[in-house]
Amino acid sequence: MIRMFPALALLAMLGPIAVGLAGTVLPAFGWLPALGRSSISLDPWRDLLGQPGLLRSVGLSFGVGLGASAAAFLAALGFAAACYGTTAFAWIGRLLSPLLAVPHATVALGLAFLLAPSGWIARLLSPWATGWDRPPDLAILHDPWGIALGFGLLLKEVPFLFVMTLAALDRLDATRLHAAARSLGCRPMTAWIVVVLPRVYTRLRLPVLAVIAFSTSVVDMAVLLGPTTPAPLAVRVVGWTGDPDLDRRLLGSAGALLQVAVTAAAIATWLVAERLVARLGRGWLAQGVNGRHENWLRLPLGALAPLCAATAGAALLGLAVWSVAGSWRFPDALPATTGLGAWVGAAPILGGTLSVTVLTAVVSAGVATVLVVGCLENETRRGLRPPPWIDWVLYVPLLMPQVAFLFGLQVLFAATGIDGSWGALIWAHLVVVLPYVFLSLAGSWRRLDRRWAQTARTLGHGPGRVLLRVTLPLLLRPMLTAMAVGVSVSVAQYLPTLFAGAGRLTTLTTEAVALAGGGDRRVIGAFGLLQMAVPMVAFAAAQFLPSLLFRRRRGAAAAIDRNGHHREGFSRTGPARHTGPDASPRIP
Amino acid sequence: MPSRRLDAFRILLIALLLVAVTPAAAGSRPWNEVVEAARGQTVHFNAWGGSAQINGYIAWVGERVAERHGIRLVHVKLADTADAVARVVAEKTAGRNSGGSVDLIWINGENFAAMKRAGLLHGPWVEQAPNFRHVDVQGKPTTTVDFTVPTDGLEAPWGMAQFVFFHDTAHLATPPRTLAALADWIIQEPGRFTYPQPPDFIGTTFLKQALVGLVADRTVLAKPVDAVDAAAVSAPLWAWLDRIRPSLWQDGRTYPQSGPALQRLLADGEVSMAMAFNPAEASAAIAAGTLPDTVRTSTLDGGTLSNTHFVAIPFNAAGKEAAMVVADFLMSPEAQAHKQDPRVWGDFTVLDVAALPPADRRRFADLPLGIATLSPEQLGPALAEPHPSWSAWLEAEWERRYAAGR
Numbered sequence: 003m004i005r006m007f008p009a010l011a012l013l014a015m016l017g018p019i020a021v022g023l024a025g026t027v028l029p030a031f032g033w034l035p036a037l038g039r040s041s042i043s044l045d046p047w048r049d050l051l052g053q054p055g056l057l058r059s060v061g062l063s064f065g066v067g068l069g070a071s072a073a074a075f076l077a078a079l080g081f082a083a084a085c086y087g088t089t090a091f092a093w094i095g096r097l098l099s100p101l102l103a104v105p106h107a108t109v110a111l112g113l114a115f116l117l118a119p120s121g122w123i124a125r126l127l128s129p130w131a132t133g134w135d136r137p138p139d140l141a142i143l144h145d146p147w148g149i150a151l152g153f154g155l156l157l158k159e160v161p162f163l164f165v166m167t168l169a170a171l172d173r174l175d176a177t178r179l180h181a182a183a184r185s186l187g188c189r190p191m192t193a194w195i196v197v198v199l200p201r202v203y204t205r206l207r208l209p210v211l212a213v214i215a216f217s218t219s220v221v222d223m224a225v226l227l228g229p230t231t232p233a234p235l236a237v238r239v240v241g242w243t244g245d246p247d248l249d250r251r252l253l254g255s256a257g258a259l260l261q262v263a264v265t266a267a268a269i270a271t272w273l274v275a276e277r278l279v280a281r282l283g284r285g286w287l288a289q290g291v292n293g294r295h296e297n298w299l300r301l302p303l304g305a306l307a308p309l310c311a312a313t314a315g316a317a318l319l320g321l322a323v324w325s326v327a328g329s330w331r332f333p334d335a336l337p338a339t340t341g342l343g344a345w346v347g348a349a350p351i352l353g354g355t356l357s358v359t360v361l362t363a364v365v366s367a368g369v370a371t372v373l374v375v376g377c378l379e380n381e382t383r384r385g386l387r388p389p390p391w392i393d394w395v396l397y398v399p400l401l402m403p404q405v406a407f408l409f410g411l412q413v414l415f416a417a418t419g420i421d422g423s424w425g426a427l428i429w430a431h432l433v434v435v436l437p438y439v440f441l442s443l444a445g446s447w448r449r450l451d452r453r454w455a456q457t458a459r460t461l462g463h464g465p466g467r468v469l470l471r472v473t474l475p476l477l478l479r480p481m482l483t484a485m486a487v488g489v490s491v492s493v494a495q496y497l498p499t500l501f502a503g504a505g506r507l508t509t510l511t512t513e514a515v516a517l518a519g520g521g522d523r524r525v526i527g528a529f530g531l532l533q534m535a536v537p538m539v540a541f542a543a544a545q546f547l548p549s550l551l552f553r554r555r556r557g558a559a560a561a562i563d564r565n566g567h568h569r570e571g572f573s574r575t576g577p578a579r580h581t582g583p584d585a586s587p588r589i590p
Numbered sequence: 034m035p036s037r038r039l040d041a042f043r044i045l046l047i048a049l050l051l052v053a054v055t056p057a058a059a060g061s062r063p064w065n066e067v068v069e070a071a072r073g074q075t076v077h078f079n080a081w082g083g084s085a086q087i088n089g090y091i092a093w094v095g096e097r098v099a100e101r102h103g104i105r106l107v108h109v110k111l112a113d114t115a116d117a118v119a120r121v122v123a124e125k126t127a128g129r130n131s132g133g134s135v136d137l138i139w140i141n142g143e144n145f146a147a148m149k150r151a152g153l154l155h156g157p158w159v160e161q162a163p164n165f166r167h168v169d170v171q172g173k174p175t176t177t178v179d180f181t182v183p184t185d186g187l188e189a190p191w192g193m194a195q196f197v198f199f200h201d202t203a204h205l206a207t208p209p210r211t212l213a214a215l216a217d218w219i220i221q222e223p224g225r226f227t228y229p230q231p232p233d234f235i236g237t238t239f240l241k242q243a244l245v246g247l248v249a250d251r252t253v254l255a256k257p258v259d260a261v262d263a264a265a266v267s268a269p270l271w272a273w274l275d276r277i278r279p280s281l282w283q284d285g286r287t288y289p290q291s292g293p294a295l296q297r298l299l300a301d302g303e304v305s306m307a308m309a310f311n312p313a314e315a316s317a318a319i320a321a322g323t324l325p326d327t328v329r330t331s332t333l334d335g336g337t338l339s340n341t342h343f344v345a346i347p348f349n350a351a352g353k354e355a356a357m358v359v360a361d362f363l364m365s366p367e368a369q370a371h372k373q374d375p376r377v378w379g380d381f382t383v384l385d386v387a388a389l390p391p392a393d394r395r396r397f398a399d400l401p402l403g404i405a406t407l408s409p410e411q412l413g414p415a416l417a418e419p420h421p422s423w424s425a426w427l428e429a430e431w432e433r434r435y436a437a438g439r
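Residue numbers (my numbering), protein chains in the order written: chain A, 3 to 590; chain B, 34 to 439.
Think of the hints as simulated: they come from the structure by calculation, not from any bench. Among the hints, erroneous ones may be present.
Stated by the list, open to error - Among the chain B residues that face chain A by a calculated CB cut under 7 Å, a handful are:
| # | residue |
| --- | --- |
| 1 | Val-109 |
| 2 | Ala-112 |
| 3 | Ala-119 |
| 4 | Ala-127 |
| 5 | Ala-203 |
| 6 | Ala-206 |
| 7 | Glu-222 |
| 8 | Arg-286 |
| 9 | Asp-301 |
| 10 | Gly-302 |
| 11 | Glu-303 |
| 12 | Glu-430 |
| 13 | Arg-433 |
| 14 | Ala-436 |
| 15 | Ala-437 |
| 16 | Gly-438 |
Said to hold, decoys possible - A few chain B positions that, by computed beta-carbon distances, are all more than 12 Å from chain A:
| # | residue |
| --- | --- |
| 17 | Gln-86 |
| 18 | Ala-92 |
| 19 | Gln-161 |
| 20 | Lys-173 |
| 21 | Pro-208 |
| 22 | Ala-260 |
| 23 | Leu-402 |
Idealized CB from N, CA, C, for every residue including glycine.
Go ahead and model the full structure; you've got the sequences and the hints to work with.
Right, here's the structure in full:
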């Protein structure tokens, strides 16, 4: 049975992408027999090329996506390089990680209020510093160059890349490497760049490419912050695929394929740049470096990521304040009156949306966790080593622009009559949730000392019982953390919800983006906060549940803590403690 | 041309069949049977969901039909009505001819014209609904002719709309009353005016309002856009827009994405004027605290566009009977009066209030007008909508001129 899991997981994850892609490619060449189009033609492409401002949309997607990714890379790695080993590193790192759980749309909503000409920054500075008693007419949001959009992406991608860097550092003997380079006379930042960065980067390449893929094809953030005359390509594609005019759907399919090409081009550009930087770096190293003059660079490089965290924090705080604001006119720095009107008024909608959001997130994360545990257990039992291409397979859903397969998938869902059903929604979420859960859990699983399970086997327990009684309890904390990651990924999904939910199932994220077009910032604030609260609660639960469940078994909890964070503790805590019938930890 | 003759023959045949079948099908089903069949059904009401007041009103409707008819009303909140039209198209594409996901849809204009043309609507059924007899079809001709397209009993009138402007008297004491004066003011005080980006409904309506006000001969607008020299007809509109564009908010490099988004700019003081298709919207927004109480409503001297919005039932709706019962309730004096209350929504009634029984008339007489709402006399003349084909053409032309980057 357990042997089926890898195939099952791959099917659940890649099946919808493959089918969805086919459902996008065929209409892009004029073939959509259900609509009476059954001749292959290039008309959709001609139509696409004739769209006003297409080149500019493509340029925006490519430029803003690649630029924001590069900036996020620089900020995250710059901070790691400048502050590695200092107390600031641990401290600010702890502030950055929770931001990972905040959905993109929430950050964008908060940032929009922070930066707008009538936004919080302008209100705090007016009129005493600026002389403005009315908001100035400045193009800050939705600027034609996509700077606001790029900034919004930066705020969200820095925490992601930083957490990925931490994970990569964890697997290297980075402290010793760094100390060795320091002892050879290198200044700390230079030492990190020279000996740690190249090793970290090999593990960071795929996450960076995922960031590029996401940034070049983002829709929700682009709607909230991006240019509108014209909009980036992915936003226009979503508009075309939703048009009642049938020809526009063919056009949308062609546009979705163009989006794949744009994303691929951005990734290719990054890979070429990576080679160039590596070559230049080798030359630089060959000259011999010790970083005597690194101090002037250390501050600006190290400050980028904390600045991003502070901005995101202020943006989220702004949402919180709005959600309890009564009347708040420009240029008041704070609301003149406060009240819970937005929460009370939106309560009926909030309740329904919240339950859909939570249910979808918990079920998709739960199913993903079961599949991932099955795959990993299969690997363990059969003594398999993960093939090197498996990482690339896992990253397919993260590298493929979502518009490219979701349109085709929607047609399939509609044809089979499951669009707008729970099954369709959860499956569409599972496609993206599964790889994150796998990436989050696989490391801890593979590091777990095999001897725990072997000891239990020698005591006569079958493999199923060992999995349930020994392996899973030992890995409870990383497993719950992986589930929390899954929940946060699910909550943030905009396009999969829009397409698979078919308007009948809406989550906090789709509601928040829809409401952002509306007039009431207080309701937007309430939705934004809830959207952020769900993943936070999930992470808090992952943090505290294991201690609660194992409070009678402190030895086991200690072993689990070590497994969750770092290395196994076989020799210090004997396995005998875990095998007795009353000593078995309860499984949730 | 044999095929054309065949087509003509087919049309004749279908017409004959319709004449033969329709009265039998519609008439043979007494209303009480419809009400009986509706019990226990669910209605997925696909309606734009960007306004808290409207959402609240629909929730109120849901409570009423649940307690009276045992119908479960689910408000599917749309960002754009075209999304729901697209879903019905997708279902037809997929061959789902019954059990569709959309039971009732808030609609008018080009979306109605498109659905009617493609045969995506159930009906005719509207004249069967008991409350339709209260509708003021004489005094409000747009209740049966939607943007020049006859409704043919396929959609039930729900509310009356007239295009109005708002201005914040804290920044603008007397609003311009003509398009020429509006342009002069925009140029004099740059950065304080903009309009929602077409194809947003309000943005497109603003284009049509300007077009109606600027064309030499309005009658050409009643014809389909293909039937006239659209470029020549619309030339004054583009000249006017070109003139104001550099002085728009954010230099016309970006536009608010919806009517409510524009209202938020007015609330924040970024702009001095906004616009809506509901004469009572400013009062409702002031009551809800989303606009300052210094905002007032104005119109243009020559009159503004007016239309009716409707509800319709897709051909494959799962709960057709319940959808008809809900639509009938929406036309009832009780629901219409509650809707017109500015503290609730403030949407004007489609009914002939003067002809109602005294008790129902009182429901309307007791309503407050609202601090920023103009009386029917002050609202001025109501102008007819252009043919629906103009909307898509204006939107495409606008995109080519102003949204293709510079």
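We went through each hint and held it up to the structure:
1. Val-109: Interface hint status for Val-109 of chain B: holds (5 Å vs cutoff 7 Å).
2. Ala-112: Holds - the Cβ of Ala-112 of chain B comes within 7 Å of chain A, reaching about 5 Å at its closest.
3. Ala-119: Ala-119 of chain B check passes; min Cβ-Cβ to chain A is 5 Å, inside 7 Å.
4. Ala-127: holds, 4 Å
5. Ala-203: With Cβ-Cβ at 9 Å, over 7 Å, it is violated.
6. Ala-206: Hint on Ala-206 of chain B: violated, closest Cβ of chain A at ~15 Å, above 7 Å.
7. Glu-222: violated, 10 Å
8. Arg-286: Holds - the Cβ of Arg-286 of chain B comes within 7 Å of chain A, reaching about 5 Å at its closest.
9. Asp-301: holds, 4 Å
10. Gly-302: holds, 5 Å
11. Glu-303: holds, 5 Å
12. Glu-430: violated, 10 Å
13. Arg-433: holds, 4 Å
14. Ala-436: holds, 4 Å
15. Ala-437: holds, 3 Å
16. Gly-438: holds, 4 Å
17. Gln-86: Violated, because the least Cβ-Cβ distance between Gln-86 of chain B and chain A comes to about 10 Å, which does not exceed 12 Å.
18. Ala-92: violated, 6 Å
19. Gln-161: holds, 27 Å
20. Lys-173: The assertion about Lys-173 of chain B holds, with a minimum of 27 Å to chain A.
21. Pro-208: Label holds. Min Cβ-Cβ 17 Å, cutoff 12 Å.
22. Ala-260: Holds, because the least Cβ-Cβ distance between Ala-260 of chain B and chain A comes to about 20 Å, which exceeds 12 Å.
23. Leu-402: holds, 21 Å
Taken one by one, the earlier hints fail for this structure at numbers 5, 6, 7, 12, 17 and 18, listed in ascending order.
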